[in-house]
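Those sequence lines, one after another, are chains A and B. Numbering of the first sequence is given in the working numbering, commencing with residue 67 and proceeding in unit increments. Numbering of the second sequence is given in the working numbering, commencing with residue 54 and proceeding in unit increments.
Don't read these hints as lab results, they were simulated from the structure. Just so you know, even glycine gets a beta-carbon here, dropped at the ideal spot from N, CA and C. Just so you know, not all the hints are guaranteed correct.
[Stated by the list, open to error] Just a few of them, taken from the derived set where beta-carbon distance is under 8 Å, the chain A residues facing chain B:
{"#": "1", "residue": "Arg128"}
{"#": "2", "residue": "Pro162"}
{"#": "3", "residue": "Glu214"}
{"#": "4", "residue": "Ala217"}
{"#": "5", "residue": "Ala220"}
{"#": "6", "residue": "Leu343"}
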Amino acid sequence: MTATLRLAELQRRFGDAIRLPLDRGTGVLQAQVGSYDPALCAGILGNARERLAVYNRQYWFRLFGVFHQSYRLATALCGPWAMNELAASFLLAYPPTGHDLARAIDGFVQWAGDEAPDQIALGRTAALPRRALVEALRIDDAYRVVFEAPAEPALVLGEADVDRLSRARLVASRSAVLVEETWPLVQLRRGLPAEAAERWVALPAPHELGPREWLVCRIGEAHRVVPLSPMHARLLRLLRAHTLPEALAMLEIGLAPDAVVELAERARRWFADGIQLGLWSGLEQVA
Amino acid sequence: MFEHWPEVGFFEIISENFLDAPGAPARHLARIRERYPIVLHGVSLNLLGHADPDEAYLDRLRRLADQLDAPFVTDHLCWTGAHGISHHDLLPTPYTDDLVALAAERASHVQRRLGRPFGLENLSSYVAFRESTMTEWEFYTRVVRESDCWYMLDINNIYVSSENHGFDPYDYIAAINFSRVLQTHLAGHTRQPDGIIVDTHDRPVCDEVWKLYAHAWKLGGPFPTLIEWDASIPAMPEVLAEMTKAREVRE
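Let the sequences and hints guide you as you build the complete structure.
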């Protein structure tokens, strides 16, 4: 047998062993050393099962650490134990394939929305609704996207550009993301410690007046979150597909005349704030 | 870091964290590069995977090395993934003649592709295979010699593996040709209740490793030395104190 074929066989068996899920039955995550492939163990010197368990635990705890760090808010709401269970279910279906450990989370938010239980059990009595989990994951993701966004020069409007605004779309900066929350999760996240903590935080009561929207953006190297009124959020979403006059016209539909006047005034302020926050990186001519 | 700009000779980055680096990490790296040389240390080359090295990955690694003008690049003499799955761990193989040849051929190819010296790091390992026909240091030294590559010698890993597999770490050090050492690593480790030592990089270097380092320096110094501390990271002064200790041990 060639060296590479021998390696393929050894690495298949070894990989299967170190990806075996850890047992949760005792309340402590433990390697299931009795389940390792006997043929693999026979080829290892000394106490093969205890030694393989080191790699088995490392595989899972390293990945759990990435999930805790990437999803600080969601981990706080689930508690690390429930987050580990969710991450393990995801990783069994979608093990990491890339070079970068941090990318092991890719696809998790989508998976959680489709596959996580409707109620995530938190201990014997408490539960977290899947909707809250997914909302928290999306907020965590927004922070990551903003952190990883490349530096782009912010749009600076000259006099000629003001004229172009009627025919051009604003190009959204990658360092600004809109998020919606049913529960006050953005504020909750801001109060969490910077490092992932091994503690559970209760889901707060939902907003009385329905969902709220926030803008997560970056000023210099720091994150900033800006609360948005429903109209403001709608304008920002419309501006992704339409010119400013088109977006304003859409917002005005159904408004009383005095509300239209008021909207125009507020829109001017929002637009000026948006320029200052660097929400746009340029103008794109509409075809 | 950006407040104190410590007096160190260079920094090492985990290559994979900065391949096509996005946003803030890239900007931070650029600021550091303005003041210090940066060397690249990979954890996903998968030199001893059953599949050939990933050429697209090597392209990206070369671009990063060129962009940072890295004097050299290092990775591990191990496998990290197989059958399409990345385990994000540094996994050992048996030590056999045919794997010396395979590893040497691939390492040589990697060095050519990167256009600069390529150093191979010895592992901390927790298993040893019955199939092995030679010691770890025989395997390591033969791969480095036959590939015409270099050593990225991890002193802590020698100690960890010597405790886990019952060999004399000074025999290991004696086998190294120090004229081919690009760099050394020092780090802290953790002894589990069952006696196995795990390479955790989460605490100060222990006395036994300092002694081994002093011995290596006496045999083959000077060589660049890096303290690896990438878990439970303390404040910068505590990490720098380890660097100061390394200087003292050398004197």
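Against the structure, the hints come out as follows:
no. : hint   : in the structure
1   : Arg128 : holds (6 Å)
2   : Pro162 : holds (5 Å)
3   : Glu214 : holds (4 Å)
4   : Ala217 : holds (6 Å)
5   : Ala220 : violated (15 Å)
6   : Leu343 : violated (16 Å)
Checked against the numbered hints given earlier, the structure breaks hints 5 and 6 and satisfies all the rest.
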